[in-house]
Amino acid sequence: MEGWSYYWENRGSRLLLTAYVVAFFIFLIAPILIVVVVSFSATSYVAFPPREGLSLQWFQRFWEYKPFLNSLIVSIQIALLSAALGALLGVPAALALVRSRRRLANTVMTFLLSPLSMPLIVLGFALLFFLSRIGFGVSFLSLLIAHTVVSLPYIVRTVAGVYRGISPEFEETAAILGANRWQVFVNVTLPMIKPGIFAGALFAMLISLDNLPISYFFGSAETNTLPVVMLSYLEHQFDPSVAAASTIQLLVAIVGLVILERTYGLQRIGMPT
Amino acid sequence: MTTPTGTAEQPTTSPRSGLWSRGAGHYQSVGEWWILPAAIFLVVFFVVPLVENAEKSIALSQLLRPGTGDGYYLKLFTDPYYLWVIGQTVILSVGVTAICVVVGYPIALYLVRHAGRWSGLVIFLLIAPLLTSIIMRTFGWRVLFARRGLFNETLMDIGWIERPIAFLNGPVPAVIGLVHVLVPFMILSIASVLRNIDIGLEESARLLGAGRIRTFMSVTLPLSLDGIGTGAILVFLLANGSFVTLLLLGGGSIQTLPLLIYQQFNTTRDFGFASAMSNVLLVVALACLYLQLRLIRRRGVKGG
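Keeping their order, the protein sequence lines are chains A and B. Using my numbering, you'd call the opening residue of the first sequence number 2 and step up by one each time. Using my numbering, you'd call the opening residue of the second sequence number 10 and step up by one each time.
Since the hints were made in silico from the structure, they are not lab data. A portion of the hints provided could be inaccurate.
[To be verified] Label pairs and their computed distance ranges (CB to CB):
| id | chain 1 | residue 1 | chain 2 | residue 2 | range |
| --- | --- | --- | --- | --- | --- |
| 1 | A | S233 | B | V111 | 47 to 55 angstroms |
| 2 | B | P180 | A | T44 | 38 to 46 angstroms |
| 3 | A | E236 | B | R126 | 31 to 39 angstroms |
| 4 | A | L17 | B | F133 | 21 to 29 angstroms |
| 5 | A | R134 | B | T277 | 17 to 25 angstroms |
| 6 | A | N107 | B | L159 | 24 to 32 angstroms |
| 7 | B | T163 | A | Q58 | 26 to 34 angstroms |
[As the list claims (entries may be wrong)] Coverage of chain A stretches by chain B, computed from C-beta distances (three or more under 8 angstroms per stretch; other residues unrestricted):
| id | stretch |
| --- | --- |
| 8 | 67-80 |
| 9 | 96-110 |
| 10 | 234-246 |
Note that the Cβ used here is the ideal one computed from N, Cα and C, for glycine as well.
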């Protein structure tokens with residue numbers, strides 16, 4: 002900390018910076034808080050600040066309006082399954098790549114992470130036609146595959162990050178003491194990388210829950226996810242029920258974030274690598 | 010079990026730090042072939058679809074319409090309307106990136122140098138919005154910018170305007186919405202580089218007589234260019250591919266390639282043309298990925 006005074010020895014300019022930071026965070030948080038407040042509206046139109054008091058009627062509407070509830074169930078199923086499938090494919094790959102000495106390993110790692118750099122709308126569009134051509138069509142399975150393409154790199158990244166920080170000596174010690182490869186993997190490696198798997202899967206699930214550009218292309222009555230239904234609802238109507246749906250989704254995300262912080266630490270995920 | 014139960018050691022060339030590794034190999038808990046399922050999955054469901062998509066747009070534009078002269082790419086790069094759309098996509102992405110640098114830099118500086126015990130809270134506040142849905146945030150901005158929303162009412166109350174301004178469906182809310190979504194990425198990128206700058210360098214500059222602004226311009230800023238670069242590529246890439254914010258906040262005032270793909274898919278259903286447009290986006294993304302790799306490699310060399 003010492004040394005900052007060389008920069009901002011002037012009290013005034015430091016105050017200015019603090020004021021700017023506060024203003025910035027109001028800018029960042031206000032639109033989100035407003036939606037939460039609007040979701041408790043008692044009126045049938047959107048108004049901020051809300052008039053005529055507060056109510057829970059829009060949450061009730063969320064519960065009763067079938068497309069919202071059905072799509073929420075699809076969203077949660079897709080999030081859970083794509084994270085699981087992503088972990089099943091991604092964890093072994095991350096483990097193998099981290100300890101590999103080949104020059105190719107870096108390139109392969111870049112390849113496994115590259116879906117993160119693609120515009121999702123392009124990926125969704127291309128996948129829709131490919132999956133239709135091979136006969137999967139617009140189905141739950143197609144949606145699951147498309148979401149897994151995105152969840153896989155998130156899991157590879159977090160698991161590789163955790164495993165890289167673990168010294169190979171633990172595994173070597175177990176091997177020397179007579180454990181076979183499978184025993185080492187199950188009893189030593191897996192427990193150590195568990196937080197990484199957990200955090201990566203959770204992160205992938207949160208991304209999947211909000212994924213609109215990919216889900217959009219696979220929308221049908223059975224495969225619409227919550228964001229897709231919300232978008233089509235917003236294009237026709239503007240009432241507080243979308244605010245209620247958003248608030249419910251935020252609640253899910255906050256629970257996830259708290260779990261993430263407890264198990265893994267936010268700082269390690271927040272920093273782009 | 011399917012894993013081979015051979016010896017734990019494998020011949021390696023470069024020695025590893027740590028006591029155990031001296032003279033011995035290093036432990037690999039899983040065989041290298043464990044990479045295959047993930048790699049095959051991504052080749053089949055990521056590479057092949059994108060390649061097919063590229064093929065399709067070329068085939069449709071050049072083989073199915075020979076001699077008509079209106080191949081998709083020709084149309085895309087000669088028709089003034091589509092040129093204007095491509096131009097707007099680039100201008101918007103560059104503009105949003107520039108705004109994110111200017112808006113985000115002081116926050117990153119604050120986070121690294123001044124936040125102290127608040128830094129946990131600052132990071133939490135930066136990351137929390139990333140996990141809210143994109144629809145939620147555009148909804149929030151729509152409430153604020155509505156005809157009888159908070160902005161209009163406040164402006165009328167203090168007497169700056171007499172009648173509500175139609176903010177919505179214009180470029181201003183769209184740009185604000187995009188900056189709102191993307192600026193945390195920029196801040197976190199810049200902060201991760203600022204954190205590694207030796208504060209002694211700034212102190213030396215000050216001791217040698219440089220003013221505050223001069224110190225910032227010729228010491229801090231150049232040293233943090235890597236962070237700005239990483240953040241800029243990331244933000245540019247994300248702005249380049251976004252369409253929900255533009256759709257719900259910009260109305261039709263800004264037309265970009267992703268928005269046009271969405272509309273082609275939704276209404277016009279000219280899939281070949283949409284493929285061609287998505288390929289243009291893909292090429293831009295690949296160029297960004299290449300730049301990103303070069304940046305990381307350069308930093309890697311410096312770090313080592």
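Hint-by-hint comparison with the structure:
1. S233/A - V111/B: 47 to 55 angstroms: Given a distance of about 36 angstroms, which is not inside 47 to 55 angstroms, the answer is violated.
2. P180/B - T44/A: 38 to 46 angstroms: Distance hint for P180/B, T44/A is violated at roughly 30 angstroms.
3. E236/A - R126/B: 31 to 39 angstroms: Since the Cβ atoms of E236/A and R126/B sit about 45 angstroms apart, the hinted range of 31 to 39 angstroms is violated.
4. L17/A - F133/B: 21 to 29 angstroms: 24 angstroms, holds
5. R134/A - T277/B: 17 to 25 angstroms: 21 angstroms, holds
6. N107/A - L159/B: 24 to 32 angstroms: At roughly 50 angstroms between Cβ atoms, L159/B and N107/A fall outside 24 to 32 angstroms, so the hint is violated.
7. T163/B - Q58/A: 26 to 34 angstroms: 28 angstroms, holds
8. 67-80: violated (count 0)
9. 96-110: holds (count 8)
10. 234-246: Contact hint for the stretch 234-246 of chain A vs chain B: holds, 4 residues under 8 angstroms.
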